[in-house]
Amino acid sequence: MNSKLLESKFIQMLEEDVGSGDITSRIIPRKIVRAEIIANEECIISGIEELRILFNLFDIKVLRSARDGEKIKRNQRVFLLSGNSHDILIVERTALNLLSRMSGISTTTKEFIEKVRKIDSKIRVAATRKTTPLLRYFEKKAIMIAGGDTHRIGLYDAILIKHNHLRLFNNLEDAIRKFKKEKSFIHKIEIEVDSVEKAVRAAREGVDVIMFDNMTMDEIREAISILKKEDLRDKVILEASGGINLSNIEEYAKTGVDIISIGSSIYSAKPIDFSLRIVRCS
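Residue numbers (the working numbering): 665 to 946.
No wet-lab data here; the hints were simulated from the structure. Given the structure is predicted, the values throughout are model-derived calculations rather than measurements. Glycine included, C-beta positions come from ideal geometry on N, C-alpha and C. Misleading hints may appear alongside valid ones.
[Unchecked claim] Once the Cα atoms are required to be at most 20 Å apart in a straight line, the calculated EDC-like pairs of lysine to aspartate or glutamate come out as: (1) Lys725 <-> Glu756; (2) Lys779 <-> Glu706; (3) Lys892 <-> Glu861; (4) Lys852 <-> Glu869; (5) Lys847 <-> Glu837; (6) Lys852 <-> Asp872; (7) Lys826 <-> Asp872; (8) Lys892 <-> Asp872; (9) Lys842 <-> Asp872; (10) Lys899 <-> Asp872; (11) Lys673 <-> Glu756; (12) Lys735 <-> Glu775.
[As the list claims (entries may be wrong)] For each label pair, taking beta carbons as the anchor points, the in silico distance ranges come out as: (13) Ile717 <-> Arg897: 39 to 49 Å; (14) Glu671 <-> Arg831: 39 to 49 Å; (15) Gly683 <-> Ser932: 24 to 34 Å; (16) Met881 <-> Glu778: 14 to 24 Å; (17) Leu910 <-> Met808: 52 to 62 Å; (18) Pro693 <-> Arg757: 13 to 23 Å; (19) Asn835 <-> Ile901: 19 to 29 Å; (20) Val726 <-> Met881: 23 to 33 Å; (21) Ser911 <-> Lys695: 43 to 53 Å; (22) Ile717 <-> Thr796: 13 to 23 Å.
Generate coordinates for the entire structure from the input sequences, incorporating the hints supplied.
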């Protein structure tokens, strides 16, 4: 995202926290200080690039920092900062919250990816649109930093025909033909199916991607078997989605799909604990 757009998001975050002013910092001495941010647990860190932009808004200098995607050890310093004490204290919580959220998502996503790679290194782990309002950019970026696929960013970058869309057409075939006729050449068509029969019908109509939505592993295997018999398997990307977690993702990886999309890498990600401390005053 453009740095100017990120700055506007940070201003919105700070307005929420600072309001009319930090009434505690008004009383403390104003000094030029050094401060460090420490990781209190192991993680895959993300948010470094974004925090640099946040700190720059307040003329806080980044003397040293970790790199996005780096594996961080417990008690490792991830930022060394220099700046006005008031400014550092004003941005402290916003910076730590964002770093905590993004690093938690990256760490969880990496766990999913490592499990899938044990089975098939070609399978891609993708996110969903089940993101926190106004934080989608940051959460999707954290997925990407860990090696995951962002999937759709929003409603604007790909066609995904879902169950509610299909209810507005006479049948699945009519829907697909309508979208194929009206879409731009640059957009792919993905369709959400909940049965083997619908998966096969969609493949026959020439969709680009089929999402097996909350289908069992046996149902997915059956659908793939039929697609192979009809010489359709290699003409479509197959995605498994729904009810997938760390305990069963390896089994889904064995079904033969190309993509596994998960929402839990975002909404179930455990935040990583970071702390900021002032280490030198002048």
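Cross-check of the supplied hints:
For the hint pairing Lys725 with Glu756, the CA-to-CA distance comes to about 14 Å; that is within 20 Å, so the pair holds. The hinted pair formed by Lys779 and Glu706 meets the criterion: a straight-line CA distance of about 18 Å does not exceed 20 Å. Under the criterion of a C-alpha separation no larger than 20 Å, the hint pairing Lys892 with Glu861 is consistent with the structure, at around 14 Å. Under the criterion of a C-alpha separation no larger than 20 Å, the hint pairing Lys852 with Glu869 is consistent with the structure, at around 13 Å.
About 15 Å separates the Cα atoms of Lys847 and Glu837, which keeps this hinted pair within 20 Å; it holds. A threshold of 20 Å between alpha carbons decides the hint, and for Lys852 with Asp872 the separation of about 6 Å falls inside it, so the pair holds. Restraint check: the Cα-Cα separation between Lys826 and Asp872 comes to about 14 Å, which is no more than 20 Å; the hinted pair holds. Taking the CA atoms of Lys892 and Asp872, the gap is near 16 Å; set against the 20 Å cutoff, the hint holds.
Of the supplied pair hints, the one linking Lys842 and Asp872 holds, its CA atoms being roughly 15 Å apart against a limit of 20 Å. Proposed proximity of Lys899 and Asp872 is supported: the alpha carbons are some 8 Å apart, at most 20 Å. Annotation: proposed proximity of Lys673 to Glu756 holds, straight-line Cα distance about 16 Å (limit 20 Å). With a C-alpha separation of about 12 Å, the suggested pair Lys735 and Glu775 falls inside the 20 Å cut-off, and the hint holds.
Evaluation of the 39 to 49 Å hint for Ile717 and Arg897 yields a pass: the beta carbon distance comes to about 45 Å. Between Glu671 and Arg831 the CB atoms are about 42 Å apart, so this pair conforms to the stated range of 39 to 49 Å. Checked against the hint of 24 to 34 Å, the C-beta distance between Gly683 and Ser932 comes to roughly 31 Å, which is consistent with it. Take Met881 and Glu778: their Cβ atoms lie about 20 Å apart, and the range 14 to 24 Å holds.
Checking the proposed 52 to 62 Å range against Leu910 and Met808 shows it is violated: the Cβ atoms sit about 20 Å from each other. As the Cβ distance of Pro693 to Arg757 is approximately 20 Å, the hint placing it in 13 to 23 Å holds. The given range of 19 to 29 Å is respected by Asn835 and Ile901, whose C-beta atoms sit roughly 23 Å from each other. Checked against the hint of 23 to 33 Å, the C-beta distance between Val726 and Met881 comes to roughly 47 Å, which is inconsistent with it.
Checking the proposed 43 to 53 Å range against Ser911 and Lys695 shows it holds: the Cβ atoms sit about 51 Å from each other. Between Ile717 and Thr796 the beta carbons are some 19 Å apart, a value that agrees with the proposed interval 13 to 23 Å.
Hints 17 and 20 from the earlier list are contradicted by this structure; the remaining hints agree with it.
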